[in-house]
Amino acid sequence: MYRQVLKAQWLAARLPVVLLAVLAFALPLLTVTSGSGLTNAPVERVGQWLFAAQQVGVLIPGLALLAGLLLGIGAWVPDHAGKHVYALTLPVPRSMFVLLRFAAGATLLAIPVVALGVGAVVATLSVSLPDGVHAYPLQLTARFAMASLVCFAIFFAISIATKRAALATLGVICGVLLADAVLASLSIKDAASVTASVFYLLTNWPGPLSILMGRWALFDV
Amino acid sequence: MSYAIETFDLAYRAGKHFEIRDLGLKVREGSIYGFLGPNGSGKTTTIRLLLGMLKPVRGTITVLGRKVPDEMARILAHTGYVPERPHLYPYLSLEQAVRYHAAFYEGFDMAYAGEMRRSFGLPLDQKLSHLSKGEMGKLHILLVLAQRPNLLVLDEPTDGLDPVVRRDVLSALLDFCSQGSATVFISSHLVHELERICDWVGVLDNGKLVVELPMQSFKNGIKRIRVSGAPSLVGDTPFVLLQRETTGTEQVWVVRGWQPPMAVWFQGVGAAVKEVMDLDLEEGFVELLRSSRAPVS
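So the protein sequences, as listed, match chains E and X.
Start counting the first sequence at 1; every next residue gets the next number (my numbering).
Start counting the second sequence at 1; every next residue gets the next number (my numbering).
The following block holds chain E by itself, in its conformation from the complex:
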């Protein structure tokens, strides 16, 4: 059952998955494009290179977000198109079908994760690092895997939700923005921005998006 669901999901999403895998493989390699002759280079040049490499690293959580978005939403597109009639008439409990879809999507997520891992290892092997600089290919891959999974879970949940739930979510977002607008119009000094507070809550531990924040460096001191 799982194999067939995985196969169907792969057939539906293979193009974005391949695209994500190519990007995931290429990103770590981008960080080493200017990394030749670093072994005896002056500290300033190493610092500049590390800074440039870390700038590229910013794209990796973005890729995790994109992977989660494409696979999370994509997991339900074929069922949405048929108004879920097929899924609802299959002889499995609904929770089981959701689990099958989630497991299949998470499995597909492994393809860009592995691609990033391979890219990171290739990138690491292609440069001679100066003393004091270290490569973290496994840690970066593991973090990318976790970030992709979190994003996938979020978009999967949003995608499976009913129209009512989607409207409720949209209502909450509008409410937050409205609260901000009201506070701004009242010109209350020292009033914290609601949007900023919500963003802070989401992106700082234990917020679900905290994994996307911070430094995403393949190379660091």
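Among these hints, one or two may not hold up.
[Stated by the list, open to error] Straight-line distance between alpha carbons at most 16 Å, and here's what the computed EDC-like set of lysine to aspartate or glutamate pairs gives:
hint, chain 1, residue 1, chain 2, residue 2
1, X, K133, X, D109
2, E, K83, X, E84
3, X, K274, X, E245
4, X, K219, X, D280
5, X, K26, X, E212
6, E, K7, X, E84
Think of the hints as simulated: they come from the structure by calculation, not from any bench.
We have chain E; now place chain X onto it with these hints.
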């Protein structure tokens, strides 16, 4: 008597203008039950209620002896469903679609599916999005029959198909029924199609079950009768008076449940039966709907 489908006091409401009211269906095990009704009468909604896709506001549903929706997965394991519109994933090839479907049904008969595919002339490697409407209809029938279900629920399975495909689909269905004791619940607004294959019929109009009776009674029991000297007020009758029209000195009555000895009743009220005419199934169906919308006083 055991029933494959039984509903009691079933009610469902969708928006302000549509509702299913007090629906009491009884589909006998092993029967081929035609669920007739005009477009928009609630046939598809009823089927979705039976299969647990919608939640009723009132009433109970039992399918294959199990409660809906509590035991839905078990019910669906023995139920083949062909929806009104194709719902299979269009990016799969025919072979992939069959394998996907088979993975969910323990008793899926792959050999039978292959046999039917060949007899239907369906291309194995064709993407579903490239199949014609007729081929898609055949594929749906193939999938549900290969499940070897105890209950088949078919929602307008031949709607929009050309006569050749329609005949192929109905033949496959009849072949399957002759091999076992499956119950078939088939909805349609094509009266003649059901006349050929069904042994029971239920007529739904505007969300309400108008009548449920054996096909033979439906076919033979609805008559148009030319009556002279008919009384202006009709009391209790041994038949159901569906329609009454005055033409000159005579009246034309449309009745249900007619049997020849009932002519005596007319003599008792001072009237005389001039002629009893058979109605074909479609005419009978139309008269039933007319009478349910504007009952005769």
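We went through each hint and held it up to the structure:
1. Of the pairs offered as hints, the one joining K133 of chain X and D109 of chain X is violated, with about 24 Å between alpha carbons and a cut-off of 16 Å exceeded.
2. Only pairs whose Cα atoms come within 16 Å are accepted, and K83 of chain E paired with E84 of chain X is accepted, the gap being roughly 12 Å.
3. Pair hint K274 of chain X plus E245 of chain X holds up; C-alpha atoms about 15 Å apart against a cutoff of 16 Å.
4. Taking the CA atoms of K219 of chain X and D280 of chain X, the gap is about 7 Å. The hint holds against a cut of 16 Å.
5. For the hint pairing K26 of chain X with E212 of chain X, the CA-to-CA distance comes to about 8 Å; that is within 16 Å, so the pair holds.
6. Among the hinted pairs, K7 of chain E with E84 of chain X is inconsistent with the structure: their alpha-carbon atoms are about 26 Å apart, more than 16 Å.
When held up to the earlier numbered hints, the structure conflicts with 1, 6 and fits the remainder.
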